[in-house]
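*Asks:* Please build the complete structure, drawing on both the sequences and the hints.
If you're matching them up, the sequences are chains X and S in order. Mapping to my numbering: the first sequence position 36 is 36, numbers consecutive. Mapping to my numbering: the second sequence position 183 is 183, numbers consecutive.
The set of hints was computed from the structure by calculation and includes no laboratory data. One thing to keep in mind: the hints can contain errors.
Said to hold, decoys possible - No more than 16 Å apart at the CA atoms, straight line, and that leaves these computed lysine to aspartate or glutamate pairs for EDC-like:
1. X:K40 x X:D4
2. X:K149 x S:E10
3. X:K122 x S:E8
4. X:K67 x X:D96
5. X:K149 x S:E8
6. X:K143 x S:D39
7. X:K149 x S:E3
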Amino acid sequence: MAIDLEAVFRRHFATVYRLCYSYLGSASDAEDAAQSVFLKLLNHPREFADSEHEKAWLIVCASNHCKDELKSARRTRVVSMGERLDASLGATDHLDETIDAVLKLPPKYKDCVYLYYYEGYKTAEVADMLGIPASTVRNRLRKARALLKDSLGGS
Amino acid sequence: MDERERSEMETRARLVAAYDAMSPSAEVTDRVLARLRDDARVPEKKRKSVEPDSRSALRFGLFLLPLAACVVAAAILLRPSAMMPTATKVSQEEVVVEETVDAASSDAAVAGDASVEVAEEAEGLAPQATKSEAAEADAAAGAESREPLCELYPIVVTPEGRELRVGDVYAGKFDDVRPEESVAFSEDGKRSVACELIERDGALFVRYGDSADWRFAS
Chain X
1 MAIDLEAVFR
11 RHFATVYRLC
21 YSYLGSASDA
31 EDAAQSVFLK
41 LLNHPREFAD
51 SEHEKAWLIV
61 CASNHCKDEL
71 KSARRTRVVS
81 MGERLDASLG
91 ATDHLDETID
101 AVLKLPPKYK
111 DCVYLYYYEG
121 YKTAEVADML
131 GIPASTVRNR
141 LRKARALLKD
151 SLGGS
Chain S
1 MDERERSEME
11 TRARLVAAYD
21 AMSPSAEVTD
31 RVLARLRDDA
41 RVPEKKRKSV
51 EPDSRSALRF
61 GLFLLPLAAC
71 VVAAAILLRP
81 SAMMPTATKV
91 SQEEVVVEET
101 VDAASSDAAV
111 AGDASVEVAE
121 EAEGLAPQAT
131 KSEAAEADAA
141 AGAESREPLC
151 ELYPIVVTPE
161 GRELRVGDVY
171 AGKFDDVRPE
181 ESVAFSEDGK
191 RSVACELIER
201 DGALFVRYGD
211 SADWRFAS
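*Replies:* Take a look at the structure:
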């Protein structure tokens, strides 16, 4: 592997993996999906203006890949809660609930929530990254918050 | 800090903890990196086929499935029986009804029977005659003089294992009964009626032999 790709991998693998996990809900699927995303970069190398541009490309690529996976007819198996949560996480009930609520979010809200709440991007930046209007991002975040609130029992 | 800000901060804290819990372990990172290194060693042409063979085969199968469905549908639609217009079928049945009625009326004429009048009325049965009209015609013509339009099977076992007998009504799909196979059914539970069990678009239809009526089984 070219050294730059390994460096890119080291910089962004966790981000890509987390996003894939939030979409697909299982560690093994997230692993495969994240690998596919970096494989795309390997097969179609490109120049990035900076690290943020690189990260944005990987996030959008991961998001699209996961949406395709979810749409794919072959992905029909039911993922159990036990499989979703790594035993090594040592997650508490409180955390389990939140993870479950995140996993239950409709796909179109997942990238907005992840980018806004975890990656700390502003709504305008999320909008640029996903190629949608900022108002749509705000709307999706509002609906996602309501869904999370419902899932978490109003807390 | 107002209530809304506090709630937003709590949401963010919970979500950050949740996403942190989804982070890959060092073991996972190393494993994926090792797989990518392996991929990088493979020439690009071969690398593009990294998907497991089973997946490719499945995709190919999924592509072929609608094609096969179209072929089967075309074969069903192009069957000689399906090509025959409904009106032709009805006229064939009329011929049967007319023939039996004719036979009955000539018999009755020889015997000087008053049922000739009834038989003459029955001659005028329209193709869309109701079941009761057809039954009247039957009564006039004499049941023994007509052949049932389909073979009778008095008992049919449903996919759930329930045995259907004359008079039973069943709404469902028969996997073990082919279209055009016949069963005995009764509309009112009083008399058995020759009929055809035909499956169309997943629904069960009963075609009564006496009239050209098509009815749902339930």
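*Asks:* If a hint holds in the structure, say so; if it doesn't, say that too.
*Replies:* Checked hints:
no., hint, in the structure
1, X:K40 x X:D4, "holds (14 Å)"
2, X:K149 x S:E10, "holds (11 Å)"
3, X:K122 x S:E8, "holds (14 Å)"
4, X:K67 x X:D96, "violated (24 Å)"
5, X:K149 x S:E8, "holds (11 Å)"
6, X:K143 x S:D39, "violated (40 Å)"
7, X:K149 x S:E3, "holds (15 Å)"
The structure does not agree with the numbered hints 4, 6 stated previously, though it agrees with the rest.
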